[in-house]
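These protein sequence lines map, in sequence, to chains A and B.
Heads up: the first sequence at position 170 corresponds to 168 in the numbering used here, and the numbers run straight through without jumps.
Converting from the second sequence to the numbering used here requires adding 68 to each position, the first position being numbered 1.
By construction, these hints were calculated from the structure, which means they are not laboratory data.
C-beta atoms are modelled at their ideal positions from N, C-alpha and C, and glycine is treated no differently.
Don't take each hint at face value.
[To be verified] Computed footprint of chain A on chain B; a stretch qualifies when at least three of its residues, placed anywhere within it, have a C-beta under 8 Å from a C-beta of chain A: (1) 69 to 79; (2) 119 to 128; (3) 146 to 156; (4) 159 to 168; (5) 179 to 191.
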Amino acid sequence: MNTEILGIIAMFTITLLLAIPLGQYMAKVYAGERTLFDHVFNPLEKLFFKVSGINSKNEMTWKQHLVALLTINLLWFLMSMLILMNMSWLPLNPDNNPSQSADLAFNTTISFLVNCNLQHYSGETGISYLGQLWLMFLQFVTAGIGMAAAVVIFKAFKEKSTTQLGNFYDYFLKSCTRILLPISLVIAAILLIEGTPMTFNGKDTIVNMQGDTVQVSTGPVAAFVPIKHVGTNGGGFFGANGAHPLENPTYLTNMAEMFAQFIIPMAMVFAFGFFIRRKKFAWMIYSVMTVGFLMLAVPNIIMEMKGNPAISAMGIDNSLGAMEGKETRIGAAASGFWSIVTTVISTGSINSMHDSSMPLSGMNEMLAMMINSFYGGVGAGILNIFIFIILAVFISGLMVGRTPEFMGKKIEAREMKIAMIVALAHPFIILVGTALAAAFPSVGTAAISNPGFHGFSQMLYEYTSSAANNGSGFEGLGDNTPWWNISTGIVLLLGRFIPIIGPVAIAGLLAQKKFIPESAGTLKTDTATFGVMIFAVIAIVAALSFFPALALGPIAEYFSM
Amino acid sequence: MKKEILSAIKLTVVLIILLMVIYPIIVWGMAQFTSGSGNGQTITENGKMYYANIGQTFNDDKYFWSRPSAVDYNAAGSGGSNKAPSNKEHLQLVQARIDTFLIHNPDIKKSEIPVDLVTASGSGLDPHISVKAANVQVKRIAKIRGVAEGNLQKLIVSNTEKPLMGLFGPERINVLKLNIALDNFK
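Looking at chain A on its own, in the form it has when it is part of the complex (with noise of 0.2 Å):
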């Protein structure tokens, strides 16, 4: 069989694999059982505790838990600003790069406070390598937020009836040490074999063998890039993002990329199953996530290998695929392959450039984030299919004519009217940004870079981008630029913030409910009917809104091809 074919299947075969053995570590780090690494971690956690002040076993309420996630968010945005507003005289700034003006300080500020890691600067050119290590930082803890999150939900359901949900502080700090670091330094080991640069030196000058004198910018990438990955977060610490071949030099640290973002959001799902011991309801919503995920992912890897229709056109040997925007050691496939894996799950990290893709890979790569859920990013995926769990239970309910209940709890007005504003504010925000930049074209068309169908994609693309917290982008966009900066910097942050605060609601009001056992008459949600609800429910939502947008853009370039 093809190699490059065989490269896939090991890749998606060796992290589902791994995702079920780490998914039930991460259920016991999180239920506080004893794990592999607790004479390490107990000490050190107990420590930062101390110093914090923090009483670790006081469990709140999931108000109390919002609070304490925003506040500690909120202080985190004000650090950044102020760090990336005056990075051009703050020390590790060996090639003199300027500090980031308000606006775009604003935009990468949220960007990486939100899990999404939109970049509007090149890695090369508008950073420091403070900013660099500052936005590493937030790497590191705000994806331990957004499981922190999901590990509200999951406590909402293992209890029977209870206000007390767990300790925020606890969740998200062994998040952070006991999960993303190790498997970051793993990550890193993989990438500095196969010569990925560690250094705080500033840009190297060289002289090719051609005679041209030529700079080339290194850093402390092998630190940065293994929890890009593992925490879908997805910046590049350089412009080209994967697609770098410092960021990615080789085919094995291809995969190791890939199974690095893939592994937490498949675990998250296997996680949920073990920690309120139901397996089968993982395996129903892994599955779900699974049939969905191939649907996009199978459709552009063949895109892609077949090539441009155009270029095959021209009588060339077209058979190697859309090489516009690829690298040749990675290939069409994987690259096909990749665009489908970042975009589902919100890392946004690219290893080809997505503006060059096929369009209806194009299309796919936006659906993937405008559904958002087919694994998801870490946490935030959890918290994103719970609202489509919650909506099939409420749909299949009235269908059926019981009473909704999920998990034995019963689903009412106000958990359903969260549930709606969450589902309906992704394709709002989404559309109506896409909207005013489309009806001001001083400011939204006059930063496109390809004409037609293809410019109309590019600015849906960047406002799709931004609500899921992606962050890659169709990065011929000119998007730096007020307008841009803040238009983007808003829709990231309701993005972010609706997604974590109703569902965190959600699961906090289902669990004070008292607890009804199960009878005959209880829908059953482990079941692949139920399966088939959800993905109805996923379908009529993203189809019915966003499928105008999409005819607008990538199915018209299609057709005009």
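Based on the hints, put chain B in the right spot on chain A.
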């Protein structure tokens, strides 16, 4: 609320020490044991130092050419063309590259030109070309250098990087290494 703010500040400080200071120092420490000591893998040839993973411009007829680049192989920056597959301007550029290639390689049929030689990479720094892209340049280089085509083909075979473990990923050739071998070929 005041308690939350104080806790948040203190926790942030200790986490900065762990994640922004200790973690990069550990990775930096590990880097000292790798080839290149964390400065990236380099090749030194005739007293000149090159980065093995950073592509270079090769457009001289006596060398194997690299792929087109949106940043002219200046690794001070990086990036692709970001041109859409439907973009007319982009397609004209590809056509122009095909025409140029045919002028420099008159013995080659158009249907033999592999697509990677006429499209720009994602990073603009792609150090590799496909095996086909090397083979299609053999006739030109053999003529200019006065070397037998068979010898050049052997050079290509010995410089071909196989898929990972023979199983995963595409075959490719590092253009810089191939051209160094070409210059050293007697």
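(request) Against the structure, test the hints numbered earlier, and report the numbers of the ones violated in rising order. (result) none
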